[in-house]
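All chains should be modelled from the sequences, with the hints used to inform the complete structure.
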Amino acid sequence: MVYSEILLATFSALIYPGLLFLVVLGLLTQWYMRKLVGRLQNRIGPKYVGPLGIAQPFADVIKLVFVKEKLSSKGRLDRLLILFMTLGLGALSSAMLFTPISPYVIRGGYDVIAFIYLMIWSTIAFAVIGLSSSNPFTIAGSSRFLTQILFAEPALIISILAATIALTKNSTTPLSIYSSAAYFQISALIAAVLALSFISFFLATIAKTLIKPFDIPEAETELAGGLLAELSGPTLGLAIVFHYSEIAFLALITTMIFLGGPYPFNYGDALGMAVFIVKYVLLLTLMITVKASVGRVRVEQAVSMIKYVILTSVTALILATVF
Amino acid sequence: MEAARTVLGVLSGKIDSYKVVDGKHIIVDVKHEHLADVVKAITDELGGIYTVIVGNDARKLDGFFHSIYVFSLDSMKTYLLVRVRLRPELPEVPSITPIVKGANWGEREVKDLLGINILNHPDLRKLILPDVWPDGVAPLRKEFNYQSRPQPSSSTCYVPTRSEDVVTLPYGPYHPLLHEPEYFELHVKGETVVDVEYRGFHVHRGIEKLGESRLTYNQVPFVAERICGICGFVHNVCYCQAVEGAAKINVPERALYIRSLILEVERLHSHLLWLGVACHVLGFDTGFMHAWRIREPIMNLAEALTGNRKNYGLNLVGGVRRDVSKDSAEKVFKILKKVKEDYSKFVNGLIAIRELTKRLEGSGVLPSPDAVSYGVVGPVARASKLKRDVRVDHPYAAYGEVSFDIPTFSEGDNMSRLMVRVEEVYESIKIVEDLIDRMPGGPILAEDIEVPEYREGFSGVEAPRGEDVHYVLTGKYSKVYRWKVRAPSYNNIPALKTMLYECPLSDAPLTIASVDPCFSCTDRLLVVDISNGRKFKVSLKALANGWKP
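Chains A and B, in that order, are what the protein sequence lines are. The first sequence begins at 248 in my numbering and counts up one residue at a time. The second sequence begins at -3 in my numbering and counts up one residue at a time.
I should point out that these hints are in silico values taken from the structure, not numbers from a laboratory. Backbone N, C-alpha and C fix where the C-beta goes; we use that ideal spot for every residue, glycine too. Honestly, I wouldn't trust all of these hints.
[As the list claims (entries may be wrong)] Calculated lysine-lysine pairs in the DSSO-like style (CA-CA distance at most 30 Å, straight line):
| no. | chain 1 | residue 1 | chain 2 | residue 2 |
| --- | --- | --- | --- | --- |
| 1 | A | 554 | B | 185 |
| 2 | B | 341 | A | 282 |
| 3 | B | 185 | A | 321 |
| 4 | A | 554 | B | 354 |
[Unchecked claim] A short, non-exhaustive set of chain A residues, derived as facing chain B with CB atoms under 10 Å:
| no. | residue |
| --- | --- |
| 5 | 460 |
| 6 | 462 |
| 7 | 463 |
| 8 | 472 |
| 9 | 541 |
| 10 | 543 |
See below:
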């Protein structure tokens, strides 16, 4: 009994919906983003590897990790970098165990706190990428990243709190990710809270994952890649895997908590699954449309924009707690 | 000539002699002790704007070095060339940079290439030649063989000054922002640029020397076209006009129309290219891709008209080599109609994105007085309230026959520079249609061309990036004795120092891109030794052989 549980937990953390699933979904998400942005920009997008170029992101990562030589520069802390990226990826994989799509579920009252803790690890890992090198572009990039994340992360946390509070009002396990997602229902209050917190979670996700207009820390034409400027070969491959896993993770959480996952059907239904996938793809499409239709903003413009995002999430939190 | 009388009136007593070239340009001879007074009088009283300094080793002709200061008298539609003769044994001339900021580069170039000593210049570091070029070897002097390769000297290299709270960000020589090698060193405090250092000319190809020593006057246009990868035709036309002016050749009217036509087609594709690059720098890649999509039919148009998308090889002294067929002229209207539709849709959409315009407005400001002092040209000048356009100020080719507006803005910021180019595309489309409508028949190349020896010619052409000027002194055996080229970016880039000062770091790349800087292919490499910050220029070969600092 205990062994089977350990086996199930290991399977959940490493295979589905943990590490492997996240990585594969992340790279598929990357393919969809690249293909759609390409079409919006009058280009073809990935084409050669696999049908419709679907395997292109996998080929890219494999090339970076196994074919390209490992280059390092003086003063760069490579091991620290790899350690933190692995930790970040691990944190995201284990956070997936809190969700209803996991065979082995971690659930309990107030588990959202642990969930948020794990989520923050990915940010820390990203900050370490910037701080582990002495390249001036990387330094400028990471100082921008820290400025930006200082505003985006609170918005992310407050909006997820607001949503779980509203969704688990009558539950025996309050503020639980599992209960919020699995027993999703809709009422006037929940709809209002979710609408507000969805907006702020969505924008904070874009800011956290450096999608335009918030790709300021990366800023190819200003900082030559900024945070990622010094990475190459295997480390760059790992950073790409990590980055897109994070995007996929945040998009999954948004779909489950803010968009109701398979609602009005259930987890496990074929129809529910179809609804879930459609919602996930629509969410990505929205993200990509934003990405393709705006330019990059300046740091102080970004900060003043994200200020309103925090305000929106705080309003949602007040609504959720007061009523 | 009215202009000559005015000029002589103002400069009387300070000049030795004068002559009028090509019925348009005035050359005055000045002693070097009067130079500062003359330059002051030209800028203050005549409204002259600094254009270029031409150095010339004329020892074989009259026993002197020449330093020729060129000013554009826009209102009088003439160029004023002030010639100072310098002693051959110790050529020395006082600096005019304290009076005209723009002359900084010109004087350094004369020093680098002709070994003319500039007195009281604020910053006499090497500009064109690499830091390791041996002192005292001046490649544009006639005794210097164009094939010789002097041994590098171990002179000291430029070392940036660093302080604790200032971060030095190197932009280039290779950077995603810059599509050609050049080096900007931004000194950044927090997110604000406090100073900028520039090192260019990584790609100095010695084209002038080549033109003076190897080529005949009708071969030069083909090399001139390769000066620029985008607007090469401009140089080609400009050179031919200078020689035609010197030799008093009457170019057939149809040839003039064809030149104007291709120049405008070039302006169209260059401005669309720039719009795309500007979008890319702003992080708006969708705009980048669509601007280049709209540009593509223009390239096809160029191909239909000349047989090539780029490097048309169309010009000769005295006219053009190939005619424009009736079929391709008809194609023009069809293509331009579609381009105009797509373009206005694209531009209206672009300007409607507030996030983009917010970044453009108020950033990289070049105030009008600075613009005059630097002698900036083209869209950069027109965005800073200067209504300068060679097409109107010094009419050439068939531009006197068509009417068009000169879009001018007064803010001097990146938005103004964008808007100038946006509006100019509409004007160019109008001009192209007009030219095709009115194009006369007849021959396209003057017959019985003779280029007399030792005659001077000067010509300006409005390139997409601004005023491009060429100076030609014809020589013996169908060759040019001196050929001086000044591309528009040469005058615009020094103004970046003013534009970038106190500019947010995020807007710095945009500001650099807003002057549309234009350079070319590389042949050298910059190496930075991290341990002591020293920089070296090393040849690829030395590097491959295990070069060590």
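Quick rundown of the hints versus the structure:
1. A:554 x B:185: Distance ~24 Å between residue 554 of chain A and residue 185 of chain B Cα, so the pair holds.
2. B:341 x A:282: Distance of about 24 Å is within 30 Å: holds.
3. B:185 x A:321: Holds - the C-alpha atoms of residue 321 of chain A and residue 185 of chain B are around 24 Å apart, at most 30 Å.
4. A:554 x B:354: Answer holds: residue 554 of chain A to residue 354 of chain B is near 18 Å, not above 30 Å.
5. 460: Holds. Min distance 6 Å.
6. 462: holds, 6 Å
7. 463: Constraint on residue 463 of chain A satisfied, holds at 7 Å.
8. 472: holds, 8 Å
9. 541: holds, 5 Å
10. 543: Since the shortest Cβ distance to chain B is 3 Å, the answer is holds.
Every hint from the earlier list agrees with this structure, and none is contradicted.
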